[in-house]
Amino acid sequence: MYGIHDLAALRCYSALSRLTNRFVVRRLIQAVPTVLGIVLLGFVLVHAAPGDPVLALAGENGDAAYYEFMRERFGLDRSLPEQLLTYFTRVASGDMGVSYVQGRSTVALIAERVPATLLLTTSALTIAVLVSIPLGALAARRPHGARDVGINATVLVVYSAPSFWLAQLAILLIALKLGIVPVQGMTTAGSAASGIGHILDVARHLALPAIVLSLQELAALVRLTRSGLIDELHRDHIRTARAKGLSESRVLLRHALPRAALPAITVIGARAGQLIAGTVVIEIVFGWPGIGRLMLASIQTRDTPLLLTLFMTIALTVVLANLITDLIHGILDPRIRVS
Amino acid sequence: MRLCTGLVMAHALGALACAPEASDDRPFVAAITSDPGQLNTAITTNGGVHTAAGVLYDGLVELDLDLNPVPALARSWEIENDGALYRFHLRRDVRWHDGKPFTAADVKFTFDELLLKFHSRTRASLAPALERIDTPDAFTVEFVLRRPYAPLLQQLNVEEAPIMPRHVFATGDPLRNPANTAPVGTGPYRFVSYTSGSEIRYAANETYFRGAPAIANVVLRVIPDPAVQVIALEAGEVDWLFGVPGPERNRLRQDRRFVVEQSPGYSGGSNCVSTLALNLDNPVFQDIRLRRAVAHAIDRQQVVERVLFGEGRVADAPISSGIRFAHASGLPVPSLDTAAASRLLSEAGWQRRANNVRTSGNVRGVRDGTPLTVRFVTMPGQTQYGDLLRAQLRVVGIDLRITTMESAVFSETVFKARDFDTAIISYCNGTDPEIGVRRQYVSSSIGPVPFSNAAAYSNSEMDSLFDAAASAIVVEKRTSLYRRIQELAVRDQPYVWLAETLSTRAHSARCTGFTISPHFVATARCRD
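Going down the list, the protein sequences come from chains A and B.
Residue numbers for the first sequence follow the numbering used here, so the first one is 1 and each next one is one higher.
Residue numbers for the second sequence follow the numbering used here, so the first one is 1001 and each next one is one higher.
Calculated from the structure, these hints are not laboratory results.
Fair warning: there could be bad hints in the mix.
So, partial list: chain B residues that the calculated Cβ filter (under 10 Å) puts toward chain A [claimed, not checked]: (1) 1040; (2) 1180; (3) 1224; (4) 1409; (5) 1464.
Computed footprint of chain B on chain A; a stretch qualifies when at least three of its residues, placed anywhere within it, have a C-beta under 8 Å from a C-beta of chain B [stated by the list, open to error]: (6) 76-89; (7) 297-304.
Beta carbons are placed, not taken as given, at the ideal position from N, Cα and C, and that holds for glycine.
From just these sequences and the hints, can you work out the full model?
This is the structure we're talking about:
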C-alpha cells in the first residue's frame, strides 16, 4: 500500500516540478501586462463614471471651501493624466496608496479581508466538487432514467434561483427556524474563543454561506460531470475495462471519471472570477467580512485607490486560479504533460 | 488536499453538534449596517461612523429632548457681548481613556485642527462665524465670535463637536492617525478591538465622569442586510437595531420579546423632512402656479403610509416640528386638492384632452404642444417615492419620468450638474435651523454641495431673514423671524414638504433604559 502511494506522490511531484518551470514562469510573465491593463482600464473607467469621491465622502452639508480643501489633499485637483502618472509611479515603487475613506494603506485593508473570502470560496468549491461528482456519476449511470431526470431538474432549479433569495431562504429556514447554524457573521459576536474553539466557531458560521455559494457552482459541475461521463462510458477503453471484469464502480471511478473531470476542472478555473463576483452577494446577506463587501463599499464611495488595489488583487487571483487549473490538468491528463 | 478536506468536514460535523458557547458576561450586541472604516467622529459627518463610535466621546454639552443644552464636558457656561462671546467652564474630573487628564487645550485643539478642517457640517456652519478660541486657563474655554451667534450651543454636542485628545493627534496627519481605528475618548465606553467588516468591541469606562455604565461589554456587529439584521434579532444573536425596514416593523411589534420605538433622531442627522425639490432653473417651474399645482396633486398621507410605512407624519411647515421654537403652525401649506391643481395647470396654459398628459399652449419659454413631462431623479432607496408620485401626478395630467441613479451620481446630478426637474431630498434640520434649514433656502448655498439649495431658490429677503435669525439671541425674536421665513417659503413654494420622517429602533425586551443620544446604551440595563 505504501509503495503505491509513494509512487503516486513521486509521479505527481515530478510532473509538478517539470510543469512549474514551464507554466509558472510563462504565466507569471503573461500576468504582468494583464494586471497592468486591468488596473489601467479600472483607472479610466472609475474616472469616466459619474460621481465625485469628495461629494461622496463629505456627505451632507460641506461648503465649497471644504470640497476644494479635500480635493487638494487627495490630489484630485490635478489633471487626469497627471493623476494617472502619479498613481503608476507610486505603484511601481510598491506604494498602492491610501484609502480616501479609511485613511489606511489599501494593501493592509485588503489583507485583513482576503482570508475570509478565500475561506468562503475554497470551502464552496470543495463542497461543489465533492457533491457534484457523485451526483453527476449517479445521473450518468442511466441517462434519462428517473434518477437522472430528478437530479437534472433539481440542479436546474437551484441554478436558476437568484442567490440572494436562496441565501435569505436558507437563513430563515435553517438558521432561524431550525437554529442549527448562526444567522450571520464569521464568529460569534464578542466571542473570546481561541484555538480549536475559534475554528469550530468559524466552521459553524461558514457552513451556510459556503453551501449557498456552492450551489451555483454545483449546478454547472453536475451537468458537466454527467455529460462528460456519458461520453466517456461509451468509449473503447471503458468497454475493455468492463470486458476485463472490473466492477462497475471501479470502471467509473478509475477509468471514466478522471478523464470526464477535465472539462469540469477547466470550468472551475475559468469561473474563479465569477465565484469572487458571486461572493459579493453572499457576503452581504450573511454579513461575511470578505473583500466582496469591501469592493461594493469602495465603489459606492468612489474610493479609487482602494478600488484599484482590489481590481489588482482580483486580477491576480484569476490569473493564479487559471495557473492552478493548468497544473491540475497536467496531472490528470498525461497527454498534456507530454506535450 | 484530501487531508485538508477531511479536516474541514470534521470541523463542520463537530460544529453542527456543538451548541453556541454559553458565556456569563454575554456582551450587548448592536447591529450596524456598514463597516465604519474608522472611528474618529471629529473628521467626518458620515452617519455610519457616528453611529458606531458615538459612545466613545463627549461634547461640551448635550441636548435634551427639547434640544436645550445641558452640561457634559462643560459644567457651566456664560454668554456675553450680546452673544458674541461664549465662556465654558470645564469639568476637572474627566480623564481620557488612556488615563491622561482632559483640559481646555484638548477643546481648542479639536476645533482648530479637526472639526473646523474636516467635520464638513461644523466647518460649514461655525467657521464663518468664529473669530478664535481662547483658553484663559486649563479649565476655561472662550469662543470669540465675529458677530452675535445664537445657535452655538446646539452645535457643541457629541455629534456636531466630539472632543478629541490633543496628546494623541498633536503630530502627523489626523486623517491617517492610527488612533482613528484604535480611538481614545472620554465617553462612557472605551475601545477594545476592531475587526474589519465584522465587529467593534467596547468595554465600560469604569472611570466615566457620570459613573460607569451598567452594561459591561458592547459589540457593534456589522450586518449589511437590514432584513438579516431583523432575523439576527429574532434569533437572539443581536440585541439592538438602529433601524427596521418597513415591512418587518409590525412583525417585531407583535412579538413580546422585542421593544420597537420611533424617534425623530438618526445619527448624523435628526429632524429630517422628506422634501420634493422643484428645480427653478426649469422655465416650467418658474411659474408659481405649476409649483402649487404639484403640491395640490400630492397626497402626502399616502406618502406616509405607502412609502414610509407609517414611519413619519405629514409635514405641516417647512421647518420640522422637532425644532419647537422655530416650527410654525397654522401655515397655508397646500394640501391634496386635485381640482385646484387642474385649475392652476389650465390657467398656466397647460391644457388637457381627455385623460392624456397635458400639453402647452401659450406658456412662456415653452414651445406650444410640448407635453408636461417632468424628470424625477432618484436613488435606489427611494424608488417607492417615484412610483407613488408618478401615479398621483398622472391624475392631474403631469407625466413623471423616473431616472434611478446610485447615490454618488445622484448628488452630482442634482447639486452639481443640476440636470433634473424634481427630486426627493431628505433635509435633516438638525438641532437648529441654522444647521439644517438655512442651506436649503439661502442664495449663497446654490452650488455643488450635497443637500444644499436644490431648488436654486433665490430671494434677498429670505437671505437677510436668515442672517437676522442667526444673530438674534432672544428666542422669541428668533421664533418670529423663523415664522416669517416659513411664510415666505410657503408663499414661494420652491419645495413640497412631504413628511417628517422618523427612525425606528428595536431592541430586546430583556434590556431597558436606552436614550436616543449617541450614548444610547450607556444608561441601559439588561436582565439575565
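Query raised in the report: Does residue 1464 of chain B meet its interface restraint, that is, does its C-beta lie within less than 10 Å of any C-beta in chain A?
Result: violated (20 Å)
Query raised in the report: Would the stated hint for residue 1409 of chain B survive a check requiring a Cβ distance to chain A of less than 10 Å?
Result: It holds, given that the least Cβ distance between residue 1409 of chain B and chain A is near 5 Å, below 10 Å.
Query - Residues of the region 76-89 of chain A with Cβ under 8 Å from chain B, three needed, outcome - result: violated (count 0)
Report task. Check, residue by residue, whether the region 297-304 of chain A contains three or more positions whose beta-carbon lies closer than 8 Å to a beta-carbon of chain B, and give the verdict. Result -> Three-residue rule met by the region 297-304 of chain A, so holds; n is 4.
Report task. Under 10 Å, Cβ to Cβ, is where residue 1224 of chain B needs to be relative to chain A, so tell me if that hint holds or is violated. Result -> Since chain A brings a Cβ to about 5 Å from residue 1224 of chain B, closer than 10 Å, the hint holds.
Query raised in the report: With a cut-off of 10 Å, does the beta carbon of residue 1040 of chain B approach a beta carbon of chain A closely enough for the hint to hold?
Result: holds (9 Å)
Query raised in the report: Would the hint on residue 1180 of chain B stand, with a C-beta cut-off of 10 Å toward chain A?
Result: Since chain A brings a Cβ to about 6 Å from residue 1180 of chain B, closer than 10 Å, the hint holds.
The earlier numbered hints that this structure contradicts are 5, 6.
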